[in-house]
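Keeping their order, the protein sequence lines are chains U and B. Residue numbering for the first sequence follows the numbering used here, beginning at 1 and increasing consecutively. Residue numbering for the second sequence follows the numbering used here, beginning at 1001 and increasing consecutively.
Rather than coming from a laboratory, the hints here were simulated on the basis of the structure. Any given hint might turn out to be false.
To be verified - Each computed SDA-like pair below joins lysine to any residue, with the alpha-carbon atoms no more than 20 angstroms apart: (1) Lys65/U - Tyr1021/B; (2) Lys65/U - Thr1014/B; (3) Lys65/U - Thr1015/B; (4) Lys251/U - Pro324/U; (5) Lys65/U - Leu1016/B; (6) Lys65/U - Asp1017/B; (7) Lys187/U - Glu313/U; (8) Lys65/U - Ile1023/B; (9) Lys65/U - Pro82/U.
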Amino acid sequence: MSELRWNPLLGEWVATATQRQERTFLPPIDYCPLCPTRPGGFPAEVPEPDYDIAVFENRFPSLRKDPENPTVESSDLYPVRPSQGVCEVVLYSPNHNSSLAQEPVEQIHKLVRVWTDRFRALSLLDFVKYVFIFENKGEAIGVTLHHPHGQIYAYPFIPPRIASELAQSALHHKQTGRCLICAIQSKELTDGRRIVAENDSFIALLPFFARWPYEIHIHSRRHFQALTDMSAAEQRELAAMLKMILVAYDKLFAISFPYMMVMHQRPSDDGVYDDYHFHIEFYPPLRAANRLKYLASSEIGAGMFINDTLPEEKARELRQFIEPVAWAGGARNG
Amino acid sequence: MDQRHDEEMRVRRTTLDDGRYFIFYEFLRSEPFDNLPGPEKGEPTHSLTKKEAGV
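This is chain B alone, in the form it adopts within the complex:
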C-alpha cells in the first residue's frame, strides 16, 4: 500500500546550469500530533510495485 498523506509538503524543482536537478522541499504546517491517523488492524502491507504503478 502506498500511503500518500502529505498535503502540507510542497516540492519545487529547478535545473542547475550543468543540467542537474535541484529540488526544494517546503512545508506549510505540522499535523497536530493527536489527530494523526494510524494503521488499522488487518491493513495489507504489500507495497506498490512498478507494474502496479503503471510504470
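Isolated chain U, as found in the complex:
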C-alpha cells in the first residue's frame, strides 16, 4: 500500500510505502540478492552468473511507474495522489565485499556513464520531474544490503531540497548576474582552506557552511546543469575525483567510511535552469572514528544544524589523504 500524502505545514509530499517494512535486511553473503545468481546457488535478483554494472527496478519501491490507486481519501486539506515514479537499484560491481572506494577508477568511470544513461532515459518519462541519483553506504546510515550499490529515484515533482537550491540559485543570479556555485567556487579557490582536492574539471571542498563534520561538495569547474552536459573528458575527471574522495574517506579512520552521496542536477521537467550548477554532496555521519553526529531536535525540528567541528580543520585532515589517481593505461590525474 503506498501513496503520496501532502504535508500542508511544510508544503511537501510524503510517501507512505508500507511494503518496504518487509524488505530484505542485512542477509548473509550466501543469500545476497544483489550478487550474481551462480549455478546451483541462491536465486538472487540478478538473473545471470556475472555482470559488469547492472540496473534494475527496486523490488520494494516507494514509487512505481504504474502505482495502485491510493486507499485513503484525498481532501482539500490533505491532498493524496498515487505514488508514481521510478525506483532503481544500481549495482556497482558483482563483488559482494567491494565498495565504490575499493573499485578501480575505470569501474567508477563506467558508473558515471551508466548514471548518464539512466538520467537521460528517466528524464524523458512524461511523469518524471526530477531524477535523483544517490548512494546510502554503511549500517550507520541504515543500509539494509551490504553489496556495493546505489539507487535512482525518479520523482513526479521537484523535491524540497532541490527546490530550495534552485530558488537560491535564481535569487543570487538575479541579484548579482552570476551563478551561485560559480561564486562559491571562486571564493573557495581564493581562500584555499576548505579545498580538499582538485583536478582539471572538478573541485572538492568542505563547505564553509558544512552541516556534517566531513561533508564534501564536488563542483564542476565548468558551469553546466546535468550529467548529460558533460564531455567525455569530464566524465573521466569526475570518476577520478570520486575515487580520490572515496579513498580519502576510507583512509581517514582506516574503515569503510559510511556516507550519503547525492547528486544535485537540473530538474527533468520543461523548465529552464541555466543558473543552476551540477554538483555532488557527501553527508558522512561520523564526527570521530567511533562517534556519530546524530540528527536531533534542532536539526529535524527547527532545521538548524549544529556542527561541532570547524570546516577548515576537517578539510585539512582530509587533504592529507588525497592521492593522485592511477588509470590502468598509465595516465595519472587528480
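Following the hints, complete the assembly by docking chain B onto the known chain U.
Chain B only, in chain U's frame:
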C-alpha cells in the same frame, strides 16, 4: 546540450518474471585518456528539455 559520446557502452535489457526490467551495461574498451575531446570555450550549457527532445 546533450552530449552523446558513448560508443563503447552496450545496453542489454531483459524482463524479470515479476515484470520488472533488468538492464546490463557492458563496456567494450576504455578511451585513451589523452585523446578525449573536452568542452570548447563558448559552448552553450543549456540542457535538452522534454519539449526539445520531442517527448
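Hints and how they fare:
| no. | hint | result |
| --- | --- | --- |
| 1 | Lys65/U - Tyr1021/B | holds (12 angstroms) |
| 2 | Lys65/U - Thr1014/B | holds (17 angstroms) |
| 3 | Lys65/U - Thr1015/B | holds (15 angstroms) |
| 4 | Lys251/U - Pro324/U | holds (14 angstroms) |
| 5 | Lys65/U - Leu1016/B | holds (16 angstroms) |
| 6 | Lys65/U - Asp1017/B | holds (17 angstroms) |
| 7 | Lys187/U - Glu313/U | holds (18 angstroms) |
| 8 | Lys65/U - Ile1023/B | holds (16 angstroms) |
| 9 | Lys65/U - Pro82/U | holds (10 angstroms) |
In summary, this structure violates none of the numbered hints.
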